[in-house]
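Work the whole structure out from these sequences, hints included.
Each protein sequence line maps, in turn, to chains A and B.
My numbering puts the first residue of the first sequence at 82, with every later residue one more than the last.
My numbering puts the first residue of the second sequence at 34, with every later residue one more than the last.
Hints listed in this document are in silico derivations from the structure and should not be mistaken for laboratory results.
A couple of the hints might just be wrong.
Claimed, not checked - Pulled a few chain A residues facing chain B out of the computed Cβ check, cut under 10 Å:
#1 M199
#2 V206
#3 W286
#4 I296
#5 I315
#6 L342
Beta carbons: idealized from backbone N, C-alpha and C, even for Gly.
Residue-level listing of the chains:
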Amino acid sequence: MKVIRDLFRDYRFVVSFLVLTVLVGLVVLSAFSPYDPSRWLQTPKDLPPSQEHLLGTDSKGQDVFWQATFAVRNSLLIAIIAAGLSRVIALLIGLVAGYRGGGWDKFFMFITDSFLVMPLFLFIVLLAMLLKDRLSLVTLGLLLGVFGWAWDARVIRSQVLSLREREFTKTAVLSGTKTLSLVVKEYIPHVTPIVFTTLINNMSWVIGMEITLAILGLLNMDIPTLGVMLQWAISYQAMLLGYWWWYLTPTVLAVLLFVALYWLSVSISEYLDPRTRIQRVGMG
Amino acid sequence: MLKGGRLRFFRRYFLPRLAQYLLVTFIGINVAFFIPRLFPSDPVLETIGTIRSQGTYLDPATVDKFISDLRELYGLEGTIGEQYVDFWKRLFRGDFGISLFQFPEPVLSLIGKAIPWTVGLLLTSTFLSWLFGLVIGGIAGYYPNRLWVRALDAVSMLVRPLPYYIFAFILLIIFAYVVPWFPLGGGSSIGWRPELSFRFFADVIRHAFLPFISLTLLGTAAMYQMTKLVVQNINAEDFVQYAQLGGVKGRAIISKYVLRNAMLPLFTNLVLSLGQIFGGALITEIVFSYPGLGTLTYHAVVSGDYNLILGVTTISVVAVTTCIFLADLVYPLLDPRVRYR
Chain A
82 MKVIRDLFRD
92 YRFVVSFLVL
102 TVLVGLVVLS
112 AFSPYDPSRW
122 LQTPKDLPPS
132 QEHLLGTDSK
142 GQDVFWQATF
152 AVRNSLLIAI
162 IAAGLSRVIA
172 LLIGLVAGYR
182 GGGWDKFFMF
192 ITDSFLVMPL
202 FLFIVLLAML
212 LKDRLSLVTL
222 GLLLGVFGWA
232 WDARVIRSQV
242 LSLREREFTK
252 TAVLSGTKTL
262 SLVVKEYIPH
272 VTPIVFTTLI
282 NNMSWVIGME
292 ITLAILGLLN
302 MDIPTLGVML
312 QWAISYQAML
322 LGYWWWYLTP
332 TVLAVLLFVA
342 LYWLSVSISE
352 YLDPRTRIQR
362 VGMG
Chain B
34 MLKGGRLRFF
44 RRYFLPRLAQ
54 YLLVTFIGIN
64 VAFFIPRLFP
74 SDPVLETIGT
84 IRSQGTYLDP
94 ATVDKFISDL
104 RELYGLEGTI
114 GEQYVDFWKR
124 LFRGDFGISL
134 FQFPEPVLSL
144 IGKAIPWTVG
154 LLLTSTFLSW
164 LFGLVIGGIA
174 GYYPNRLWVR
184 ALDAVSMLVR
194 PLPYYIFAFI
204 LLIIFAYVVP
214 WFPLGGGSSI
224 GWRPELSFRF
234 FADVIRHAFL
244 PFISLTLLGT
254 AAMYQMTKLV
264 VQNINAEDFV
274 QYAQLGGVKG
284 RAIISKYVLR
294 NAMLPLFTNL
304 VLSLGQIFGG
314 ALITEIVFSY
324 PGLGTLTYHA
334 VVSGDYNLIL
344 GVTTISVVAV
354 TTCIFLADLV
364 YPLLDPRVRY
374 R
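Rendered as C-alpha cells:
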C-alpha cells in the first residue's frame, strides 16, 4: 500500500491515473452502446452536441460519443496485443544476448541495430498495403508487435549485462544453479520494471502508428479506432464544414491517451529507479 | 597523426563499420524485395481489380496482355531467382520501373523531384532542434531550479509524448483553420513555377513553416529532456565540482566541460533515432501535403503503386543507412578516445 501512496504524491501519476480511469470507463461503456458501430444512419446527420447526443453526430449518421467508446476500446486492444508481443521478443533477445554474450550477443545486437536504423515506417506501410483486406485488429496488433521491440531489447540487454557482473550471479553459478532457473528466478524480477515502463511507451508508439496507417487508408474503415474516426472526419471535410465535435473528439482523446501513458511511465520509472531515467528518455 | 595511427584507425574503426553498413543496407533492400513476394496477394491482379472497380470494361484478351505487361513492369516475370537477379541489375542501373500513379513517368524521376523537399525539411529541422535542445537543455540542466526551467519542463512533458501525426494535425487545425495564418498545405502556391525571386522564396518558406515547426518542436522537446538529464548527471561528477570550486565561470563550465561530455551519448542517440526521425518527417509531410517523399508515399499507397512504394523504400533504406554510416565516421572527431578502439 505504501507504494501506491508514494506514487499518488506525484501529480503526474494522479493525472494520468484519472485520465486512464476515464478512458477505461469509456471502454466499459462501449458494451452498453445503443448503436451498432459498423452501421450507418443510426441517427440524424451532422448534429452539434446536445442532451440527446452528447458529442453530436457525424455525416455517417453515427453518434460521436458512442463511436468514440468503440474507438478507444479498439485502439487500446491493438496497443495491448502489439506491446505484449514485442515485450516477449524484446525480453527473449535481451536476456539471451545479455547472458550468453559472445557470438550470440553480436548476432542479436546486429539484428537489433538493423531494426533500429531502418525506416521501419515504410516497411510497415508496405506490409499493411499487402495485407490490407486481411488486416483485422489482431493482425494489425501482431504486425506492429513484430516491429516495436528493438530499442527495448537493447535496454534489457544492458541491464542483464550489469546483472551478470554482480556478486549474486557468481554465487548462483558456483553453487550450481541452472542457467534457466537463474535467469527466470533472479533476472526476470530485476528487469520487470523496465519491461513494464517500456510496455507503456510502446503502447503509445503503436497507437501513433495505428493512427498514421488509418490516415493512409490502410485500415478497415468499418472498425472504429481513433485513427479511423479521424480519417472519416478528414475525408468528409469536417474541418472545412466546421463540425468541430467530430474531428476534435478523436484528437482530444488521442492527446489525453498519449500524455497519460507517458506521464504514467515517467512517474513509475522515476519511482522505481531514479537512475534509469536516461534509458527511458532515450526512447527516440 | 602518425601514419601507423591512420592505418590502425582505418582497420579497427573504418572497416568494421563499413562492413556493417553494407550488410545492413543489403538486408534492408532484401527485405524490401521479399516482403511483397512473401504474401499471397498479387499486385498485378489487384491493379486490374482497381481498374475494373472504377467501371472500365476490359475484354479477356486485353486483360491477358495487360497482365503480362504489368508483370514485366513490376519485375515479376520468371522464377523468384531470376526476379532477384533482375532486381539487383535494375537497382544498379537506378531503374525502379515506371510509376502507375503518374503513368508513364519513371519512379526514379518522381523520387528525384520529391527528395530536395524532404531533405531540406529534415536537415533544417534536425539541425535546429539539435542546436536548440542542446543549448537550452544544457543551461537548464546546469540550473535545474530556475522558474523558466520548470516552465519548459512542463511544456516538454506535454509535447514530448505526442506522435508526429497528432502534433502536426493540431498545429494544422490551430494555424490553418482557427487562425488562418498559414496555408493548408502544399510546397508552394498552386500554379507558381520555381523561380529565383524573393516572392517565390517567401512563398516556399510560408508553406514549409508549419511542417518545419512541428518537426522542430517535437525534436527540440526530446533533445531538451535528454540533454538536461545527461547534463544533470555530469554535473554530479568530480571534475565539474572541482571546476566550480576553482572559480571557473558557469558559462565556461557548461560549454567547455559539461556539454563536451554530454555530446557523446546525445550524438549516439541522434544517430540511432535517424530512422524514426525520417519516418516522422514522412508522416508530417502527409499531414501538410508537403511535396516530399512522404506525400509521394501517400499517393503510392492510395493508388496501389507498388513500383513507387518499393522505390521509395529502397532509396530511403540506402539514404538512412548512409547517413548513419557517415555520422559514425564523424564520431571519433567528437570523442578522441574511441579512435583506436
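Cross-check of the supplied hints:
1. Hint status for M199/A relative to chain B: holds, with the closest Cβ pair at about 5 Å, below 10 Å.
2. Contact between V206/A and chain B, as hinted, is supported at the beta carbon level, the nearest pair being about 6 Å apart and thus within 10 Å.
3. Taken as an interface hint, W286/A checks out: its beta carbon lies about 8 Å from the nearest beta carbon of chain B, inside 10 Å.
4. Nearest Cβ of chain B to the Cβ of I296/A: about 7 Å, under the 10 Å cut. The hint holds.
5. With its C-beta approaching chain B no nearer than about 9 Å, I315/A sits inside the 10 Å limit, and its interface hint holds.
6. Taken as an interface hint, L342/A checks out: its beta carbon lies about 7 Å from the nearest beta carbon of chain B, inside 10 Å.
The structure shown violates none of the earlier numbered hints.
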